[in-house]
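Visitor: From the two separate chains plus the hints, produce the assembled complex.
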Amino acid sequence: MNSNQVIHAMYNDDDVLLSAVKSIREKKYHIEEVYTPFPVHGLDKALGLADTRISIMAFIYGCIGFSVAILMMNYIMIEDWPQNIGGKPSFSYLENMPAFVPIMFELTVFFAAHLMVITFYLRSKLWPFKEAENPNPFTTDDKFLIEIELHNNEKELNLLLKETGAIDIKTTEKKGDHE
Amino acid sequence: MYTFTNKLRNFSIILMIVGFLGLTYGFLTVPDTLEEATTMVADAHHGEANGASNHYSHGQGHQDANLAHTEGHGVDEHGKHLLHQLQNKPWAALYVAAFFFMMIALGTLAFYAINRAAQAGWSPALFRVMEGITAYLLPGSLIVFVILLLSGMHFNHLFIWMDSEVVAHDKLIQGKTAFLNTPFFLARALFYIAGWVTYRYFSRKFSLAQDQASDVSNHKKNFRISAAFLVFYIITESMMSWDWVMSIDPHWFSTLFGWYVFASMFVSGITTIALITIFLKSKGYLEKVNDSHIHDLGKFMFGISIFWTYLWFSQFMLIWYSNIPEEVTYFITRIEDYNLPFFGMLVMNFIFPLLILMNSDYKRLNYFIVMAGIVILLGHYIDVFNMIMPSAVGDQWFIGLAEIGGFLFFFGLFIFVVFKEISKAPLHAAGDPYMGESERFHY
Chain A
132 MNSNQVIHAM YNDDDVLLSA VKSIREKKYH IEEVYTPFPV HGLDKALGLA DTRISIMAFI
192 YGCIGFSVAI LMMNYIMIED WPQNIGGKPS FSYLENMPAF VPIMFELTVF FAAHLMVITF
252 YLRSKLWPFK EAENPNPFTT DDKFLIEIEL HNNEKELNLL LKETGAIDIK TTEKKGDHE
Chain B
6 MYTFTNKLRN FSIILMIVGF LGLTYGFLTV PDTLEEATTM VADAHHGEAN GASNHYSHGQ
66 GHQDANLAHT EGHGVDEHGK HLLHQLQNKP WAALYVAAFF FMMIALGTLA FYAINRAAQA
126 GWSPALFRVM EGITAYLLPG SLIVFVILLL SGMHFNHLFI WMDSEVVAHD KLIQGKTAFL
186 NTPFFLARAL FYIAGWVTYR YFSRKFSLAQ DQASDVSNHK KNFRISAAFL VFYIITESMM
246 SWDWVMSIDP HWFSTLFGWY VFASMFVSGI TTIALITIFL KSKGYLEKVN DSHIHDLGKF
306 MFGISIFWTY LWFSQFMLIW YSNIPEEVTY FITRIEDYNL PFFGMLVMNF IFPLLILMNS
366 DYKRLNYFIV MAGIVILLGH YIDVFNMIMP SAVGDQWFIG LAEIGGFLFF FGLFIFVVFK
426 EISKAPLHAA GDPYMGESER FHY
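For the protein sequence lines, the chains are A and B, in the order given.
Going by the working numbering, the first residue of the first sequence is number 132, and it counts up by one from there.
Going by the working numbering, the first residue of the second sequence is number 6, and it counts up by one from there.
Among these hints, one or two may not hold up.
Said to hold, decoys possible - Heads up, simulated BS3-like pairs for lysine-lysine below, C-alpha to C-alpha not over 30 angstroms straight-line: (1) A:159 / A:261; (2) B:210 / B:286; (3) B:425 / B:304; (4) B:210 / A:153; (5) A:176 / B:286; (6) B:293 / A:176; (7) A:286 / A:261; (8) A:301 / A:219; (9) B:429 / B:293; (10) A:176 / A:159; (11) B:293 / A:153; (12) A:176 / B:304; (13) B:286 / B:425.
Said to hold, decoys possible - Not close to chain A: a few residues of chain B, all C-beta gaps over 12 angstroms, as computed: (14) 39; (15) 125; (16) 158; (17) 322; (18) 327; (19) 345; (20) 370.
Derived by calculation from the structure, the hints in this document are not laboratory data.
Given the structure is predicted, the values throughout are model-derived calculations rather than measurements.
All residues carry an ideal CB built from backbone N, CA and C; glycine is no exception.
Next up, chain B with everything else stripped away, as it sits in the complex (with noise of 0.2 angstroms):
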C-alpha cells in the first residue's frame, strides 16, 4: 500500500499557493478602462508595430463576433475589443490549465474504461493507478464547469455567444441559440460530468469490491458498465468538446473536432499513467510492474500521437485547401499570431516523440518514457492553449504569471487529489482475474 508522503503533499501544496499567487497577480492586474487597456499594451509593444498587427487580424473578420460589428462603429470600439480581451486574458489562462488537467484524467477514464471492455490481460497491474488518476475527474470538471457557470453569469466574456448584445448583431448566432444557449448549455455540462462520474464511482467500486471477492460477478458489472460507458462518453466526450472549447469561436466548426480533442486527452492520459507509474515504480511500489508494461505504454504514447496528428493533419489540410474564408480565419489567426505555439506544438507532439519513441528499445528506458512523456505533456496543454486563446484574447497572449500560475495550481491540485486516491486502495488489484496474465506479461 502506497502512503502520501509528506514530501510529496508539501510539494503538492506549495505548487497550488505558487499557482494561486501567479493567477491572483493576473486577474488584479486586468485594466479596468479603455484608457489602462491601451497604455498597457503601449507599454508592452513600445507603440510600434502593435496597430498594424492588431488591425491586420481584425481584417480576418469573423474570428470574434465581437470583431463582426466593428465596421461602422466608432474608433472606439477597438480599443473596447482590446480591453474585453486583455480581461479574458486569466480567465483565459484559467480556463486553459483547469480544461487540460480535466482532459487527462477523462482521457485515463477512456483508456481504463477500453481496457475492461475489451478485458485486457496486460494492464491489470495498472488499473489502480489509473484509478488514482480518474479521481480527479469529479474535482477537475466540477471546477471547469464553475467556470462555465460564471461565463454564463457574465463574470468574463469566454463564450461571446452568451452575451445577448453580441448575438442581437450577429446572424450566424442567432440560428445556433437553440443549441447553444446559457441553460441549456450548463443542463448539458452537468449532464455529461454526471455521466463520466457515476461510471468512475461504479468502475472503482466494483474494482475494490473484487479483491476480496471469491467469484468474478464484480468483475463482470465491471465489463458491462465499461461498455456502456464508452458509448455513453464517445457522445458527450465530442459535444463536450464543440460546448467547451469550439463553441469559444461560435461561427466556426469542424466536424471531427471531438476526434481531434480525443485524441489529446487520450494521449495526454496514457502518458501520465505512465508517469506516475514510473514514478511508483522508482519509490518501490508496483512490484509487479516490469518493463514490458512500459514497453506497451510507450507504444500507446507513440501510436495515439501519431493519431493526433493524423486528426489534427486533416482537419488542418481540408480547411487549408479549401481556403474558404469563414474557415481558414481559424488557422489564419493561430499561423499569424500564434506562430510559435502553433508549429512548436506540432514539433513536442509529433516530431519528438515520432523520433525518441520509435525505436523498440528505447520504449522499455524509463528516461525515454519520461523525457517523451514531458514534452507530450506541455505540447497537448500548447494545444489546448491553442484551441482557446486565439479566440478568447486575440493577438494578446502572452505565457506570463497568469498561465504558468495557472498550470503550477491545477498541477498540485492534481497531485495532490491523484496521489491521495493512489494511498487509499492496494496498488496491486489482487482479485483481478487477469492479474496473472498481467504478472507474467512479457514480450
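For reference, chain A alone in the conformation it holds in the complex (with noise of 0.2 angstroms):
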C-alpha cells in the first residue's frame, strides 16, 4: 500500500558505505539503489549486481573498428588510387600492411571507446538535457546515499542504519512513480 515509500539513509564515507551495504543485505533487505559522488571500488559486488557486460561489447566493437580499418585502407589506398607506399608500389594491402597498422590500431580503440561510451548512455538512459535523478545533491559533492524501499518496516530499518553508521536518514515518498 505504501510502496512509493522509500528510505534514505546517507553516509560521509565510501568504507563505512561499503560495510553498511553489507550489513543491510545480510537482514535481506532490497536496497534499491545507492548514490555516490564517485565509483565506489567494490560497491558492485557488495550489491551482488550482475557483471557489466561492457568488456563483451568492447571487444566486438574494436573488432568492427579493426575491419572498418582494413576495408577503409584497402579501398583508399590499394583500390580506388593505388599508392606508392614507400618505394613499394606493389599495389597490394597484404605486402603494405605494415604501413596501415597505425591506422588499424587508432580505429580499433576509436570505435571500442566511443560506441562504449555510447552503449553505456543508451543503458543508462543519459541524454543531454536529462533531469538528474539523484534525490539529493549532496550525493554529487562528497556524501553518499542509500535508497532502500519500505514494506510498513520503517521502524526497524531506522534502527539498523543508525547502526551501520548513517549521519541522516529520512523517509519521502518515492518521485516519478505517480502517474
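Guide: In C-alpha cells, the structure reads:
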C-alpha cells in the first residue's frame, strides 16, 4: 500500500557505506539504489549486481573498428587510387600492411571507446538536458546515499541504518512513481 | 620455509647433463676444413636450392662483414664463409641460451627494483620469489662474460669486429673501433655485471635483515638503493644490449634496440615470477598469495607483451618503410632465411597472449597463466635466437641438438640456482612494512 515510500540513509565515507551495504543485505533488505559522487571500488560486488557485459561489447566494437580500418585502407590506398607506399608500388594490401597498422590500431581504439560510451549512455538512459535523478544534490559532492523501499518496517530499518553509521535518515515519497 | 626437494634437484641435474651432452655433440660435429663444411651442407640440403639461397643472402651484402670483402676474392671465400658460420653454430646456440636465462634474472631484478622504488603495496608477498630468481644473475652473467671473453680470445667468430683481419678491410667498423675494441668491451661488461650484482647483493641483505628488524630502516635503505639502481640499470641495460647483442651485426644499428631488449627481458622476468609463484603455491607454500596477485602478474604479462610488440613494430616499420639498404638487410635476412621463427615469434609473443590474457577472469586461472607463460617464454627465447643467429650463422640455422641442449643446460642450471636460493630464506617477508597490505590485497 505504501510501497512508494522509500527511506534515504546518508553516509559520509565510502568504507562506511560499503560495510553498511553488506550488513543491510545480510538482514535481507532490498536496496533500491545507491548514489555516490564517485565510483566506489567493490560496491557492485557488495550489492550483488550482475557482472557488466560492456567488456564483451568493447571486444566486438574493437573488432568492428579493426575491420573498418582494413576495408577503408584497402579501398582508399589500393583499389580506388593505388598508392606508391615507401617506394614499394606493389598495389597489394598484404605487402603494404605494416604502413596500415597504426590506422588499424587507432580505429580499433576509436570504435571501442566511442561505441562503449554511447552504449553506456543508452543503457543508463542518459541524454543531454536529462533531469538529474539523484534525490539529494549532496551525492554529487561528498555524500553517499542508500535508498531502500519501505514495507511497514520503518522502525527496524531506522535502527539498523543508525547502527551502520548513517549520518542522516529520512523517509520520503519516491518521485516519478506517481503517474 | 621451502625445502629444495631431491626430486627437483635431480630433475635440474638431469636437464644439465642432457643439455651438456647436446652441446658437446654440437661442438664435436663442427667441421674443421672447407671440404667437410661443403659436404655437410650438401648432404643436409641434397645439393639443390642451397647454392641459390646462399647467393641470395650474399647479395644482401653487408649483413656480415665477412661478406663485405667476398667480391674480388677467390671462389673459396664462399666456402670459407660457410665454414665460419658452421663453426659459429654451437657457440651461438650456447650464447643464445646463456643470454636468455641471464636476461630473465636481469628482467626480474628490474621488476623487483621498480616495486621497491615505487613502494608497491601488492607485491611484498612475492619478493622472496623475485629474490630467488635474481640469484641466477651472478652465475648467469658470469657465464655470458666467459663466452664474451672466449670470443675476445678468438675461440669463435661471433663478434666479427674482434677480428683485426676483418676490421682492416672494413671502413665502417674502423670508425667504431674507439668503442668496439675487445679490452674496452670486456671492461664495460664487467662494469655492468658488477653494478647489477652489487645492487642485488645489498637489496637481498636488507630484505632479509628487515625480517627481524624492529624499525623500517632496512626498508628505507632498500628503497634508496633501488631508485639509484634503476637509473644505473636503464643506462647499462641499453649499453649491454648494444654490446652483447647489436654489435654482432656491427654495420647495423637501431636507436631503440635497448628498449626492445628491455621489453623482452621484462616480460620474460615477470612471466617467470608468475610461473614459479604458481609452482610454489601448488606445493602448498606462499599461503599469503591469492589469485589477485596472480591476476596482477597476468596483467603485467599482457601489458608488457603488447609493449614488446609496440617496440618491435616501431623498429620494424621505420626500417621497412624507409627501405635504406644498410638498414633493411637486417629484416630481409630475417624474413628470407628465418621466416618461421621471425613470424612465429610474433604469434607467440603477441597474438597468443593478447587473445588468451585479454579476459579478466582468465588471468585468475593458474591454468591460463601457465599456458600463456610457457608460450611467452619460448617466444622470447626465439626472439633472442632471431637477434643473434642471423648474423652468427646466416641461413645455416637449425634448432638441433646443440640449440635444445643449450636451452636445457641453462634451464637446469637456472632451476638449480633459483630454487636453492628460494630454500635459503622464509618465503614470507614478514618484516616488510607493506606486507599487511599485500596480504589483504584483493581486486
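Visitor: So residue 39 (chain B) supposedly isn't at the interface. Is its beta-carbon more than 12 angstroms from every beta-carbon in chain A?
Guide: At roughly 39 angstroms from the nearest Cβ of chain A, residue 39 (chain B) sits farther out than 12 angstroms, so the non-interface label holds.
Visitor: Checking one constraint from the list: CA of residue 286 (chain A) to CA of residue 261 (chain A), max 30 angstroms. Satisfied?
Guide: Between residue 286 (chain A) and residue 261 (chain A) the Cα gap is close to 35 angstroms, so the pair fails against 30 angstroms, i.e. violated.
Visitor: Hey, residue 293 (chain B) versus residue 176 (chain A), does the alpha-carbon distance stay inside 30 angstroms?
Guide: This hinted pair holds, its Cα atoms lying about 22 angstroms apart.
Visitor: Compare the distance between the alpha carbons of residue 159 (chain A) and residue 261 (chain A) with 30 angstroms, and conclude whether the hinted pair is satisfied.
Guide: Distance ~33 angstroms between residue 159 (chain A) and residue 261 (chain A) Cα, so the pair is violated.
Visitor: Is the Cβ of residue 327 (chain B) farther than 12 angstroms from every Cβ of chain A?
Guide: 7 angstroms, violated
Visitor: Would you check the hint for residue 176 (chain A) and residue 159 (chain A), treating anything up to 30 angstroms between C-alpha atoms as holding?
Guide: 16 angstroms, holds
Visitor: Straight-line Cα separation of residue 286 (chain B) and residue 425 (chain B) no greater than 30 angstroms?
Guide: 17 angstroms, holds
Visitor: Find the nearest Cβ of chain A to the Cβ of residue 158 (chain B) and say whether that gap is larger than 12 angstroms.
Guide: 42 angstroms, holds
Visitor: Hint check: residue 301 (chain A) vs residue 219 (chain A), CA-CA at most 30 angstroms. Holds or violated?
Guide: 74 angstroms, violated
Visitor: Just double-check residue 370 (chain B) for me: nearest Cβ-Cβ distance to chain A has to come out over 12 angstroms.
Guide: At about 16 angstroms from chain A, residue 370 (chain B) clears the 12 angstroms cut-off, so the statement holds.
Visitor: Against the 30 angstroms threshold, does the CA-CA distance of residue 176 (chain A) and residue 286 (chain B) hold or violate the hint?
Guide: 27 angstroms, holds
Visitor: Could you let me know if the closest chain A CB is still more than 12 angstroms away from the CB of residue 125 (chain B)?
Guide: 18 angstroms, holds
Comparing the model with each earlier hint shows violations of hints 1, 4, 7, 8, 17 and 18; every other hint is respected.
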